[in-house]
Amino acid sequence: MNRIVLLLLPVLMLAASCSSKFGKILKSKDYEYKYKMAEQFYASKNYGYAQQLYEDIFPYVKGTTRYEDMYFKFAYSYYYQKDYMNAENLFKTFVENFPTSPRTEECDYMRAFCFYRQSPKVELDQTNTNRAMQLMQAFINTHPASARTKDASEIIDKCREKLEAKEYKSAELYYDLGYFKAAAIAFGTVSDNFPDSKKGDEYKLLVIKSYYKYAEMSYEEKQKERYEKVLAECNDFSDRFTDSKHLDEVNKIKIQTNNFLKPLKNK
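Residue numbering for the sequence shown follows the working numbering, beginning at 1 and increasing consecutively.
Simulated from the structure, these hints should not be mistaken for lab results.
A virtual CB, placed ideally from N, CA and C, is assigned to each residue, including glycine.
A couple of the hints might just be wrong.
Claimed, not checked - Derived SDA-like pairs: lysine to any residue, alpha-carbon spacing no greater than 25 angstroms straight-line:
(1) LYS158 to SER170
(2) LYS209 to ALA232
(3) LYS252 to ARG226
(4) LYS169 to ASP125
(5) LYS166 to GLY188
(6) LYS199 to GLU167
(7) LYS209 to SER170
(8) LYS166 to GLU123
(9) LYS209 to ASP192
To be verified - Cβ-Cβ distance ranges computed for the label pairs, FRET-style:
(10) PRO120 to TYR33: 34 to 44 angstroms
(11) LEU247 to ASN141: 32 to 42 angstroms
(12) GLN134 to GLN40: 37 to 47 angstroms
(13) ASN251 to LYS150: 36 to 46 angstroms
(14) LEU173 to GLN256: 19 to 29 angstroms
(15) ASN141 to TYR179: 34 to 44 angstroms
(16) TYR219 to LEU247: 29 to 39 angstroms
(17) SER153 to THR65: 31 to 41 angstroms
(18) LEU124 to ASP151: 22 to 32 angstroms
(19) PHE98 to SER238: 50 to 60 angstroms
(20) LEU124 to TYR219: 35 to 45 angstroms
(21) ARG240 to ALA165: 16 to 26 angstroms
(22) THR142 to GLN256: 52 to 62 angstroms
(23) LYS262 to PRO195: 33 to 43 angstroms
Assemble the whole structure, with the sequences as input and the hints as a guide.
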C-alpha cells in the first residue's frame with residue numbers, strides 16, 4: 001500500500017502544480033496572455049482548460065477577427081470531452097452566428113453527429129437516434145456536394161438499423177410472452193416500416209408463426225377464421241419472397257394449416 005502511495009505521489013504533485021498554474025492564468029487580467037494560453041491548451045489537447053479560458057475571454061474577443069475561430073474551437077472543446085449535448089448546441093449556434101463561414105458545413109454535420117454520439121443502446125429511448133437521422137438528412141439536402149454526404153448516408157443507415165432492431169425486440173417480446181396476435185401485428189409493423197430490410201422475409205415468417213400460434217390456441221369457433229388468416233399470410237409470403245431460404249418452412253406451416261382446416265370446414 002505504501003509503495004502505491006509513493007508511486008502516485010509524483011503524479012499527484014504534478015497535478016496539483018498544474019492546477020495551481022492554471023488558477024493563476026485564470027485569475028490574470030491580461031486577456032491577450034489568457035488567449036495565448038487557451039490556444040496552447042487547445043493545441044496540446046487539454047480541452048478542459050482551453051474551454052474555461054475561452055469562456056472567460058469571450059466578452060473581450062466578441063466582434064474581433066478571432067471570435068469565429070475561438071467559437072469553433074470552443075464547440076470542439078466540449079465535443080472532445082464527450083459533452084455532446086453542449087457541443088451540439090454550440091455547433092448549432094455557430095451556424096446561426098456565422099452563416100457565411102466556410103466552417104458552417106462542418107458545424108452542420110457535427111451538430112447531427114453529436115446526436116448520433118448520444119444515440120443509446122437499442123433497448124432505450126431512441127429520440128436522439130431519430131434526431132440524428134433527421135439532421136443528417138437535412139445536412140445532405142443542404143450540402144448535396146459535400147464530401148461528408150457519404151458518411152451522413154452511412155450514419156442514417158446505422159440509425160435505421162438500430163430503430164429496426166428496437167422494433168424487432170418489442171415484437172419478439174410479445175411473442176416470447178405468448179401474446180401472439182400482438183406479436184403478429186408488431187412483426188408486420190416492422191416489415192412495413194422497413195420495407196428495404198434484408199430481414200423482410202424473416203419478419204414475414206414470424207408474422208405467419210405468430211398467427212399460427214394464435215389460431216392454434218383459439219377457441220374452436222374462432223379457429224377457422226384464424227387459420228384462414230395464416231393461409232393468406234403464407235400465400236403472400238410465397239408471392240413476395242420466391243427465393244427465400246424460409247420458403248420450405250412456410251410451405252410446411254401451410255400444409256399443417258390446411259390439415260387443421262379440413263375438419264373445421266366439414267363441421
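Comparing the hints with the structure gives:
no. : hint                                 : verdict
1   : LYS158 to SER170                     : holds (19 angstroms)
2   : LYS209 to ALA232                     : holds (13 angstroms)
3   : LYS252 to ARG226                     : holds (17 angstroms)
4   : LYS169 to ASP125                     : holds (13 angstroms)
5   : LYS166 to GLY188                     : holds (14 angstroms)
6   : LYS199 to GLU167                     : holds (13 angstroms)
7   : LYS209 to SER170                     : holds (16 angstroms)
8   : LYS166 to GLU123                     : holds (6 angstroms)
9   : LYS209 to ASP192                     : holds (17 angstroms)
10  : PRO120 to TYR33: 34 to 44 angstroms  : holds (42 angstroms)
11  : LEU247 to ASN141: 32 to 42 angstroms : holds (40 angstroms)
12  : GLN134 to GLN40: 37 to 47 angstroms  : holds (38 angstroms)
13  : ASN251 to LYS150: 36 to 46 angstroms : holds (42 angstroms)
14  : LEU173 to GLN256: 19 to 29 angstroms : holds (25 angstroms)
15  : ASN141 to TYR179: 34 to 44 angstroms : holds (40 angstroms)
16  : TYR219 to LEU247: 29 to 39 angstroms : holds (31 angstroms)
17  : SER153 to THR65: 31 to 41 angstroms  : holds (36 angstroms)
18  : LEU124 to ASP151: 22 to 32 angstroms : holds (24 angstroms)
19  : PHE98 to SER238: 50 to 60 angstroms  : holds (58 angstroms)
20  : LEU124 to TYR219: 35 to 45 angstroms : holds (39 angstroms)
21  : ARG240 to ALA165: 16 to 26 angstroms : holds (22 angstroms)
22  : THR142 to GLN256: 52 to 62 angstroms : holds (54 angstroms)
23  : LYS262 to PRO195: 33 to 43 angstroms : holds (35 angstroms)
In summary, the structure agrees with every hint in the numbered list given earlier.
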